[in-house]
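Protein chains in written order, with this note's numbering: chain Z, 1 to 130; chain F, 1 to 135.
Now the in silico label distances, taken between C-beta atoms and shown as ranges: (1) F:L29 <-> Z:R108: 19 to 29 Å; (2) F:H98 <-> Z:E29: 44 to 54 Å; (3) F:P66 <-> Z:P54: 39 to 49 Å.
Selected chain Z positions facing chain F (in silico; Cβ < 10 Å): (4) Q6; (5) D42; (6) C78; (7) A80; (8) R84; (9) G111; (10) L115; (11) I116; (12) E117; (13) I120; (14) S122; (15) R124; (16) G129.
I should point out that these hints are in silico values taken from the structure, not numbers from a laboratory. Each residue gets a CB set at the ideal place from its N, CA and C atoms; glycine is no exception.
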Amino acid sequence: MKLTIQVNEGPYQHQASDSAYHFTKAALEKGHEIFRVFFYHDGVNNGTRLTTPPQDDRNIVKRWSDLAAEHDLDLVICVAAAQRRGIVDDGEAERNGKDATNIAPGFRISGLGQLIEGGIQSDRLVVFGD
Amino acid sequence: MSEIKKFMYVNRRAPYGTIYAWESLEVVLIGAAFEQDVSLAFIDDGVYQLTKGQDTAGIEMKNFSPTYSALGDYEVNKIYVEKESLEERGLTLDDLQHLVWEDEDDDWAEKDSIRLVSRAEMADVLADQDILFNF
Chain Z
1 MKLTIQVNEG PYQHQASDSA YHFTKAALEK GHEIFRVFFY HDGVNNGTRL
51 TTPPQDDRNI VKRWSDLAAE HDLDLVICVA AAQRRGIVDD GEAERNGKDA
101 TNIAPGFRIS GLGQLIEGGI QSDRLVVFGD
Chain F
1 MSEIKKFMYV NRRAPYGTIY AWESLEVVLI GAAFEQDVSL AFIDDGVYQL
51 TKGQDTAGIE MKNFSPTYSA LGDYEVNKIY VEKESLEERG LTLDDLQHLV
101 WEDEDDDWAE KDSIRLVSRA EMADVLADQD ILFNF
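Bound-form chain F, shown alone (with noise of 0.2 Å):
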């Protein structure tokens, strides 16, 4: 297992209208434990999942996007969130929880994890990629 392969999880659903989203980021938590090159995508309903705010009282499910903001800590630093899907749901980046991971080679700077793509752009990601994980 020596070869580093780009693996990236395509998240396209909300979050709690199906599993989907929820086992997804558990297959997250899980990979990056085999310190492969990790990304994550978010589009169409998918970035319903990185909104702040959830609250999941009423459904009486757990909530689970706090687990994003541990992502960081897992070396899970790339989330490509795409533009159009974003403006197509009337949301901006200030609608989604600020995800941060630290640089150690970089003084341990704190850093955005989020990149704001346009939909050519991620295109252009999701091509680059070795293996594809679509939830």
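Bound-form chain Z, shown alone (with noise of 0.2 Å):
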């Protein structure tokens, strides 16, 4: 089955992007495809390289980070909720005159038709969030 996940919401303050991470792994164990993961509302702080979570922790941003490399997975943040929340990569630092980025490796940042467009071409859209 061809699947399109949706975070909505950040790290460690809500369990949904674990869920979501761990859903989404086990759908590709069991030979499901990922279409494509998008980040919306506060789910786009999962695309920071510049946590520091304690060791004893999980890494939630490098673990999705890892997972995209292994899975050549599609890691889309939507520009939109970024720009609100100052997740930037190299364009989005051109565009809008900022002095740093903070992308993650394995993500990038694109628009709301992302979204749409994994509806359409997916069997099923799963949403993680309150």
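Mind docking these for me? Both chains are given alone in their own frames, and the hints should help you get the complex.
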């Protein structure tokens, strides 16, 4: 089955990102296809490489990056939500005159159309959040 | 992208306490360009999103409620409002904005976008969708 995953909450504060990660990993292990993982609302905060969780805790951002590298996942951060919350890649830094970037490896910033397309192209859209 | 799917945006929260309502509306507006079968549902505190006379000056937040009246121009004209959610909050349809759309197949007649449905009917509407966005 082809799936698109939507993550609506940020890391650590809320279990949604953990649940989405475990679901995505399990789906891949079962042979399902992940068309895209789309990060929206505070979910965009899953895509900053500047997080430094305690060493004895899971590293949620790195975990997504590693899973993306292993399975060639398309991790998409909503641009409008990212601009509000300060998730920046090279293009956004240049467009908006920012002096730094913070996007984590494996993530990219794009528009909400990517979420709609995920809904259209996939057999199921699975949403994680409140 | 030839297949048309039924997309429903479920709005459950009050408009300004969190950003979900506004960012839901942003998805609706972008999604309207994809020519899918779109409808919106307003349940629980989500019904407050459609109330008229919203004034956000005191909280210094953007009043995005006028955007709902533009949905008809985006051909988003199936707006389901749950009757029990209104009643539980002491609201009636008169407290909500009068949302309309123009039917090009009926000489551009102006028609109501809001469909007042019971909780049981809303369950049937939800069950009939292909994609549920939950905000």
